[in-house]
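Q: Single-letter residue listing:
Number of protein chains: 2
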Amino acid sequence: MATYKSISLVQRPSDKKIGPHLFETKELDIPEVKDGQILIKQTHMSLDPAMLGWMSEDRESYIPPVELGEVMRSSGVGEVVKSKNAKFAEGDKVMGMTGWQEYVLSDGSGFNKLQSGVTEEMALCVFALPGLTATTGLYNFGHPKEGETIVVTGAAGSVGSMVGQLAKADGLRVIGVVGSDEKADWIVNELGFDGAINYKTDDIESKLAELTPDKVDVYFENTGGPIQHHVFNRMNAHGRIVVCGMIADYQADEPSAGPNWIPLIKKRITIRGFAMPDHWGELPQLLEKLTPYVQQGKIKYRAHAIDGLENAEKGLNMLFEGKNTGKMIVKL
Amino acid sequence: MATYKSISLVQRPSDKKIGPHLFETKELDIPEVKDGQILIKQTHMSLDPAMLGWMSEDRESYIPPVELGEVMRSSGVGEVVKSKNAKFAEGDKVMGMTGWQEYVLSDGSGFNKLQSGVTEEMALCVFALPGLTATTGLYNFGHPKEGETIVVTGAAGSVGSMVGQLAKADGLRVIGVVGSDEKADWIVNELGFDGAINYKTDDIESKLAELTPDKVDVYFENTGGPIQHHVFNRMNAHGRIVVCGMIADYQADEPSAGPNWIPLIKKRITIRGFAMPDHWGELPQLLEKLTPYVQQGKIKYRAHAIDGLENAEKGLNMLFEGKNTGKMIVKL
Numbered sequence: 001m002a003t004y005k006s007i008s009l010v011q012r013p014s015d016k017k018i019g020p021h022l023f024e025t026k027e028l029d030i031p032e033v034k035d036g037q038i039l040i041k042q043t044h045m046s047l048d049p050a051m052l053g054w055m056s057e058d059r060e061s062y063i064p065p066v067e068l069g070e071v072m073r074s075s076g077v078g079e080v081v082k083s084k085n086a087k088f089a090e091g092d093k094v095m096g097m098t099g100w101q102e103y104v105l106s107d108g109s110g111f112n113k114l115q116s117g118v119t120e121e122m123a124l125c126v127f128a129l130p131g132l133t134a135t136t137g138l139y140n141f142g143h144p145k146e147g148e149t150i151v152v153t154g155a156a157g158s159v160g161s162m163v164g165q166l167a168k169a170d171g172l173r174v175i176g177v178v179g180s181d182e183k184a185d186w187i188v189n190e191l192g193f194d195g196a197i198n199y200k201t202d203d204i205e206s207k208l209a210e211l212t213p214d215k216v217d218v219y220f221e222n223t224g225g226p227i228q229h230h231v232f233n234r235m236n237a238h239g240r241i242v243v244c245g246m247i248a249d250y251q252a253d254e255p256s257a258g259p260n261w262i263p264l265i266k267k268r269i270t271i272r273g274f275a276m277p278d279h280w281g282e283l284p285q286l287l288e289k290l291t292p293y294v295q296q297g298k299i300k301y302r303a304h305a306i307d308g309l310e311n312a313e314k315g316l317n318m319l320f321e322g323k324n325t326g327k328m329i330v331k332l
Numbered sequence: 001m002a003t004y005k006s007i008s009l010v011q012r013p014s015d016k017k018i019g020p021h022l023f024e025t026k027e028l029d030i031p032e033v034k035d036g037q038i039l040i041k042q043t044h045m046s047l048d049p050a051m052l053g054w055m056s057e058d059r060e061s062y063i064p065p066v067e068l069g070e071v072m073r074s075s076g077v078g079e080v081v082k083s084k085n086a087k088f089a090e091g092d093k094v095m096g097m098t099g100w101q102e103y104v105l106s107d108g109s110g111f112n113k114l115q116s117g118v119t120e121e122m123a124l125c126v127f128a129l130p131g132l133t134a135t136t137g138l139y140n141f142g143h144p145k146e147g148e149t150i151v152v153t154g155a156a157g158s159v160g161s162m163v164g165q166l167a168k169a170d171g172l173r174v175i176g177v178v179g180s181d182e183k184a185d186w187i188v189n190e191l192g193f194d195g196a197i198n199y200k201t202d203d204i205e206s207k208l209a210e211l212t213p214d215k216v217d218v219y220f221e222n223t224g225g226p227i228q229h230h231v232f233n234r235m236n237a238h239g240r241i242v243v244c245g246m247i248a249d250y251q252a253d254e255p256s257a258g259p260n261w262i263p264l265i266k267k268r269i270t271i272r273g274f275a276m277p278d279h280w281g282e283l284p285q286l287l288e289k290l291t292p293y294v295q296q297g298k299i300k301y302r303a304h305a306i307d308g309l310e311n312a313e314k315g316l317n318m319l320f321e322g323k324n325t326g327k328m329i330v331k332l
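Heads up: the protein sequence lines correspond to chains A and B, in order. Heads up: the first sequence at position 197 corresponds to 197 in full-length UniProt numbering, and the numbers run straight through without jumps. Heads up: the second sequence at position 313 corresponds to 313 in full-length UniProt numbering, and the numbers run straight through without jumps.
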C-alpha cells in the first residue's frame, strides 16, 4: 500500500526558536476515499510568519494554536487525485488549509478550485493569505487616497510587496523598507515603488526624510524594529497606521518598546491591528477589489520555492531571518 | 476710565514647567463697544491640561500655539455687560473662547448663550470641553456596548468622570483609575463607578485583575503613566483604546515608552488619538447625545474653583500635580 509523509507538531517553541525537535514526521498509509470525500495531492505549500504564533501556547490569539500531535497547519494548493464528491473532479487544482502533509483527505469544505489562468504560485502569492491580507489591511484600515504617501515595512515580503503595488496603482507615493540592496532594487525597479530604505545600511532618519517630503499618511507595518519609531515620528495629522506583522519582535525575549502615545493625540492618529481570519466572510468583496489590479497587470510577485516537505522547517527559519526573496513556498 | 486685567503669554515653557515668568499681567482700559460688538465681563474661566500644549512652540499640533505677546487662550463664561449686537442682550450669559482676561470685546462669533437652567459651572464642567470631549471620545471612538468593561484613567478628572458616568448609564462595567483615596471614594460612592484603582497605593496588576473579571473592552486614556501597560495587557480581542490625554507625560523630559504592538495584531485592537477641535462641526449631534443624560440626572460633576485671575497659573500647576478635586475653574 502506498504511503505519504505527514509532519505533526510535537513540542511548542518555548524559546520562540523553530527547530527540527518541534516536529515529528510520520509515514502514513494513503487513506481510502469514502462517499463525499476527495483526496488531494498537495503540490505547493505556503510558509507564513504567522506559523510561529500557531505553534505557541497562546489561546488569546486570533485562532487557536495547533494542538500537540496534530498535523502542522498551513495553506496550500494541490490536485484532486480521487473524488467521490460531485463538486470536485479528478485533476481539479484546489486551494485550502492543507497542512504539512503530502496528501489531504477532505470532505471538500474550505477548498476552492483555482480560477482558469491562475497558476499554483499565483494562487499562493496573490489570491491566498498575502494578497487578501494586503487588500484587507490597505483598504479596510489604511484608507489610502491619491497623492498621499505610504510607507510599507517588509516591503519585499509577500504582503508588503502587494500593499505597495496596490497603493502605487491608486496614485500614492510608495516607500518601502527592506533589509537588502537586492530587495530595494526589486521593489523600485521591478515593482515601481518610489523609493526604498535598506534599514540595515541606510541612515534611516535622513533617508526617510528625503524620500517622504510630504511626510507619511499611511504606515503599513509588517516588521516592527527600530524603523518603527522613525516612521511613527514622521506621521501626518490624521495618519493611519495598519499593524499587520511584527516579525522583528516575534522571537525576542523581551519585545521592544513601542512609541509613546502623545503624538496620537496631537496628530489624531489611528493605529489598527488586524488578522485575516476575522475577514474570511468578506472574501467575495476582497477578491472583487483585488482581481482587477491583477488582470490589469499591476501586480507582480515572486515565489521563493524550496523543495520537499522535509525542508519546511528550514524554510520557515529563512522567513524569520529575512533570507527569503519572495513568498516562501514548499514544492512537494 | 475703568481698567481691567489681562494676562499674556510672554515666554514659552521650554522646560515644560509652568511658572509666573511665562506671563505678563497688563492693566488695560476697558474698550469702547462699537456697532456689532459686545463687551463680556468674564465670571468663570476654565483651566485645562491642553494649555501646556497651547503655550509650546509646536506647530504640528491640532491648533496653533498662542503667539508670544497674545492673551493666553482659554474658554470661559461671562455676562454681556454692553451690547451693540442684535443677537445679544445685556445680561445674557455666554460661553466661548474668552482668554485670560477680565473683559472680552467680541463681535459675538464663537460665543453661545447658556441654555436656561444651565449654571456657569455646569456650562464649563459639562457642556464645554470636558463633556464634549468625553462624548466624542466615548461614542465616536470607544463604541461602548452594554455589558462590556471600560477602564478610564484620570477618572476623577473633568473628562474621565464624564466618560465613566456615560458608560455606566449605558450599562457597562466601569472601573476608574485615580491618584487618591478621596477621588476613589468620590467616583465609586458618588458617581456610581463599579470600582476604583488608586495607582499610587494599590497593587495595580492584582487590583485590575480583581476588578475586571471579564477583562477590558474599552480603555479611555487620560493620563499615561505605568498604569498604561497594565490596562493594555488586559485588553480583550477587538478592544478599543481611546487616547484623549497623557498628562503624566506632558512634562517629562523623555516621554515614557509605549507598549509593543504585537498584541494589537493578536487581539485586533484599535488605538485612536483625538482632539476636540476636529469635532466642533459635530456640536449639534454631540449636544443631542449628551443632553438627555444630563436631563435624566445621570451626570454629576464638581468644580474646583479658585479665585482671581492672578491665580490662574497656580491653578494650572495644580492640574499637572493632580491636586485638583474636580474641574479647575477660576472665578473672576
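A portion of the hints provided could be inaccurate.
Unchecked claim - Here are the computed lysine to aspartate or glutamate pairs in the EDC-like style, where the Cα-Cα straight-line distance is at most 20 Å: (1) A/Lys82 <-> A/Glu67; (2) B/Lys300 <-> A/Glu205; (3) B/Lys289 <-> B/Asp181; (4) B/Lys266 <-> A/Asp15; (5) A/Lys267 <-> B/Asp249; (6) A/Lys17 <-> A/Glu67; (7) A/Lys266 <-> B/Asp170; (8) B/Lys82 <-> B/Asp29; (9) A/Lys41 <-> A/Asp278; (10) B/Lys266 <-> A/Asp307; (11) A/Lys266 <-> B/Asp185; (12) A/Lys267 <-> B/Asp181; (13) A/Lys267 <-> B/Asp170; (14) A/Lys266 <-> B/Asp15; (15) B/Lys266 <-> A/Glu205; (16) A/Lys267 <-> B/Asp278; (17) B/Lys300 <-> B/Asp202.
Unchecked claim - Using C-beta positions, here's what the derived DEER-type ranges look like: (18) B/Ser14 <-> A/Pro20: 40 to 46 Å; (19) A/Gln285 <-> B/Pro277: 53 to 59 Å; (20) A/Trp280 <-> B/Glu205: 54 to 60 Å.
Since the hints were made in silico from the structure, they are not lab data. Idealized CB from N, CA, C, for every residue including glycine.
Q: Work down the list of hints and note, for each, if the structure agrees.
A: Right, here's what the structure says about each hint:
Under the criterion of a C-alpha separation no larger than 20 Å, the hint pairing A/Lys82 with A/Glu67 is inconsistent with the structure, at around 28 Å. Between B/Lys300 and A/Glu205 the alpha-carbon distance is near 49 Å, which puts this suggested pair outside the 20 Å criterion. Among the hinted pairs, B/Lys289 with B/Asp181 is inconsistent with the structure: their alpha-carbon atoms are about 32 Å apart, more than 20 Å. Straight-line distance between C-alpha atoms of B/Lys266 and A/Asp15 comes to about 19 Å, which keeps the hinted pair within the 20 Å bound.
The straight-line distance between the Cα atoms of A/Lys267 and B/Asp249 is roughly 16 Å, inside the 20 Å bound, and the hint therefore holds. Between A/Lys17 and A/Glu67 the CA atoms are separated by roughly 18 Å; this keeps the pair inside 20 Å, and the hint holds. Between the alpha carbons of A/Lys266 and B/Asp170 the distance comes to roughly 29 Å, so the proposed pair goes past 20 Å and is violated. Proposed proximity of B/Lys82 and B/Asp29 is supported: the alpha carbons are some 15 Å apart, at most 20 Å.
At roughly 28 Å between alpha-carbon atoms, A/Lys41 and A/Asp278 are farther apart than 20 Å, so this suggested pair is violated. The hinted pair formed by B/Lys266 and A/Asp307 fails the criterion: a straight-line CA distance of about 31 Å is larger than 20 Å. Using a Cα cut-off of 20 Å, the hinted pair A/Lys266 and B/Asp185 is violated, with the two alpha carbons roughly 32 Å apart. Distance hint between A/Lys267 and B/Asp181 is unfulfilled; the C-alpha atoms sit about 34 Å from each other, more than 20 Å.
Proximity of A/Lys267 to B/Asp170 is assessed by CA-CA distance (about 29 Å); at most 20 Å being required, the pair is judged violated. At most 20 Å may separate the alpha-carbon atoms for a hinted pair to count; A/Lys266 and B/Asp15 meet this at roughly 19 Å. A hinted pair counts as satisfied when its Cα atoms are at most 20 Å apart, and B/Lys266 with A/Glu205 does not qualify at roughly 29 Å. Annotation: proposed proximity of A/Lys267 to B/Asp278 holds, straight-line Cα distance about 11 Å (limit 20 Å).
Taking the CA atoms of B/Lys300 and B/Asp202, the gap is about 26 Å. The hint is violated against a cut of 20 Å. Range check, B/Ser14 to A/Pro20: Cβ separation about 59 Å, and the 40 to 46 Å hint is violated. For A/Gln285 and B/Pro277, the hinted distance range of 53 to 59 Å is not satisfied, since their beta carbons lie about 35 Å from each other. For A/Trp280 paired with B/Glu205, a C-beta distance near 36 Å fails the hint of 54 to 60 Å.
Figure legend: structure checked against the earlier numbered hints; hints not met, in rising order: 1, 2, 3, 7, 9, 10, 11, 12, 13, 15, 17, 18, 19 and 20.
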